[in-house]
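**Student:** Protein chains in written order, with numbering that gives the first Met the number 0: chain G, 0 to 345; chain U, 0 to 279.
Keep in mind that the hints were calculated from the coordinates and are not lab data. Just to be clear, a hint being listed does not mean it is correct.
As the list claims (entries may be wrong) - The list that follows gives simulated cross-link-like pairs (lysine to aspartate or glutamate, EDC-like), each with its CA atoms no further than 20 Å apart:
| # | chain 1 | residue 1 | chain 2 | residue 2 |
| --- | --- | --- | --- | --- |
| 1 | G | Lys317 | U | Asp139 |
| 2 | G | Lys336 | U | Asp56 |
| 3 | G | Lys31 | G | Asp262 |
| 4 | G | Lys336 | U | Asp139 |
| 5 | G | Lys193 | G | Asp319 |
| 6 | G | Lys147 | U | Asp135 |
| 7 | G | Lys75 | G | Asp64 |
| 8 | G | Lys317 | G | Glu148 |
| 9 | G | Lys195 | G | Glu271 |
| 10 | G | Lys188 | G | Asp64 |
| 11 | G | Lys147 | U | Asp139 |
| 12 | G | Lys193 | G | Asp19 |
| 13 | G | Lys68 | G | Asp91 |
| 14 | G | Lys317 | U | Asp135 |
| 15 | G | Lys193 | G | Glu271 |
| 16 | G | Lys70 | G | Asp91 |
| 17 | G | Lys29 | G | Glu46 |
| 18 | G | Lys221 | G | Glu234 |
| 19 | G | Lys93 | G | Glu46 |
| 20 | G | Lys147 | G | Asp325 |
| 21 | G | Lys169 | U | Asp36 |
| 22 | G | Lys93 | U | Asp139 |
| 23 | G | Lys147 | G | Asp91 |
| 24 | G | Lys15 | U | Asp36 |
| 25 | G | Lys75 | G | Glu271 |
| 26 | G | Lys169 | G | Asp140 |
| 27 | G | Lys231 | G | Asp19 |
What the hints assert, rightly or not - Examples of chain U residues toward chain G, derived with CB under 8 Å:
| # | residue |
| --- | --- |
| 28 | Phe34 |
| 29 | Leu38 |
| 30 | Leu224 |
Even glycine gets a Cβ: it sits at the ideal position worked out from N, Cα and C.
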Amino acid sequence: MAQVEFQYIPTFSITKSLVDLRPYGADANKSKFVDWTWGQVTGPNGEIFAYPQDTGPMGMVYRADLFAKYKIDVPKTWDEFAAAARKLHAADGKVYLTDMAANETGAWHGLMWQAGSKPYTVNGTTVGLAVNDTASKKVADYWGGLAKEGVVATDPDFTDTWFQGLNSGKYAAWLTAAWGPVFLGGSAKSTAGKWKAAPLPQWDAGSNVSGNWGGSTTAVIKGTANPIAAAKFAEFLNSDPESAKMFNTVQNFFPATTALLADPSFAAQKSEFFGGQQLNQLFGQIGDTVNKGWQWPPFLDQSNQDWTETVGKALADKADAAGATDQWQQRVTSYAKDQGFTVNAG
Amino acid sequence: MTAKRAGYVFVAPFLVLFLLLFMFPLGYAAYLSLFKDQLVGGTVFAGLANYTRALSDPQLLQGAGRVGLFFLIQVPIMLLISLAAALAIDSGLLRAARVFRLGVFLPYAVPSVVAALMWGYLYGPSFGPLARFGFDPLTDTLMLPALGNIVTWEFAGYNMIILYAALRTVPAERYEAAAVDGAGPWRTAWSIKIPALRPALLLCLVFSVIGSFQLFAEPNLVQRLAPNVINAAYTPNLYAYSLAFTSQQVNYAAAVSFLLGLVILVVSYAVLYTANRSRR
């Protein structure tokens, strides 16, 4: 058995490294998990490659004290977010509304996911690539514009610069996943009590959509001597109510089971770090709004590297990020062809 | 006959390890480089296709050009510093020469990973001391000099020790002869010491060829701080690494590594050849 992140399941299933769990009764568990997570572990021919373990529906955590100080309302749309970014940076040149890390492919994919982009469609050896589709370009154009204006930072994340920025109030908000708040509590201790969380800003006022960043599954590796025991244990580990609950309370995983998400005692938990806000309830609701049908490519590492060198580079250099999605598309396409895939563009 | 056999026995431990740990991996890499493994379609024999692809791969050529430039600029600077330091210690005019010697050598004792991390902190764009003066070396234009600085810091002391050791072997008679001829310390350094250092300098130069073209640890670590400046093909070695581990193109990576080895061989030979020729 192995813990595999959602986004890497196709990378391992293309090399036939994962056991299809259907013969071991996986289908019967479908209703126990949030439905978009089940879509993520399902292969092109209906195979079930893993059990969802935790999820990362995306929201926005922000420094309520800084928002109050600079008189900024919590942005509900991306237009409001852009206006807030300009206002904040104009008021204090050392503060940015957020950091759109130019190396963070996870968050970027999550934002593309929210925008309704369908960059990868995989069907066996045929792969559809559209990392420069309209929604993807919209996201790139938006962030590229803000980066060019200099009102959002583009520092690489999970670096010392970035940790320091979170602690010092350089970034007033972080677009992150459901696991983000706990992470923040550990790495930005000095800012305890100053944070609040909200859903992601929306492209259309009144809509309610999110993407996902991170989260993991339990898969069974081909070549196991004992597939039945492994499959059954993977099932128990992630669907048993007690076990699922412990992943949350002990490991701080954000749950993937509908039962736990609906559990009133889970939803009612308050986070001290977030001034007593009920984060589980909030991110549970966000989880219901994650777009279904998103797919990952069987060569995610390559696509990520290509993103960093095209779109990410454009963000960091304050260049044309929307145009850079075309280079991204061209690079992943030639890679996929070289690897023997039949590629459908667009 | 028995003496001959004894010779083989003495050589055997080395030979076994050499074959097992050096020749076997090399042969395996050469074998791998002749195939192509695709995610779809599996492994097929590719002949020299990986090599022809590498020779026209702009990413590889750019990386090779970059380390070539690095070699041409960083190595002379580093060797000049090493030479100056070695001559200074050998002159006997320095106070606390042993402390100086140890101090210059000390960076070599720091693992290159630690050195790169440490310089990474110093270069840090929002908290490093350089940032306080508004100086950010982690940009497209300044990255190569910044890496050169790290490498110089690491290896100047190492080369200094080689040169200093060579100076200690200069026979005292030559100095006496020079003194009799009325040569002062500068003249002695120029006419006696530096010519005597020629083989040692050549050795340092060949080491530096290898070091420059195999540049890996420093860019790999600084990449984390500046992921958009140092790309996956920044140096040929980094490229081979990312081809093997990110792109899953182990066969192509093997071909790239082999070509890199060939380039190092050719450049090292060229350095030795020109040096030997100019000596005549």
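**Student:** What's the verdict on Lys31/G and Asp262/G, does the C-alpha distance respect the 20 Å limit or exceed it?
**Tutor:** Satisfied, since the Cα-Cα distance of roughly 13 Å is no more than 20 Å.
**Student:** For a C-alpha distance cap of 20 Å, please report whether Lys169/G and Asp140/G respect it.
**Tutor:** Cα-Cα ~24 Å, so violated.
**Student:** Between the alpha carbons of Lys93/G and Asp139/U, is the straight-line distance 20 Å or under?
**Tutor:** 23 Å, violated
**Student:** Measure nothing beyond the straight line between the CA atoms of Lys93/G and Glu46/G; if it is 20 Å or shorter, mark the hint as holding.
**Tutor:** 51 Å, violated
**Student:** For the pair we were handed, Lys147/G and Asp91/G, check the Cα-Cα distance against 20 Å.
**Tutor:** 17 Å, holds
**Student:** Would the pair Lys193/G and Asp319/G pass a check requiring their Cα atoms to be no farther apart than 20 Å?
**Tutor:** 35 Å, violated
**Student:** Check the hint pairing Lys317/G with Asp139/U against an upper bound of 20 Å on the C-alpha distance.
**Tutor:** Roughly 13 Å separates the two Cα atoms, so the pair holds.
**Student:** Would you check the hint for Lys29/G and Glu46/G, treating anything up to 20 Å between C-alpha atoms as holding?
**Tutor:** The hint holds at about 12 Å.
**Student:** Holds or violated: is the Cβ of Phe34/U closer than 8 Å to a Cβ in chain G?
**Tutor:** Violated. Min distance 14 Å.
**Student:** Straight-line Cα separation of Lys75/G and Glu271/G no greater than 20 Å?
**Tutor:** 24 Å, violated
**Student:** Below or equal to 20 Å on CA atoms is what counts here, so check Lys336/G against Asp56/U.
**Tutor:** Judged against 20 Å, a Cα distance of about 16 Å means the pair holds.
**Student:** Are the Cα atoms of Lys68/G and Asp91/G separated by 20 Å or less?
**Tutor:** Judged against 20 Å, a Cα distance of about 11 Å means the pair holds.
Checked against the numbered hints given earlier, the structure breaks hints 4, 5, 12, 19, 21, 22, 25, 26, 28 and satisfies all the rest.
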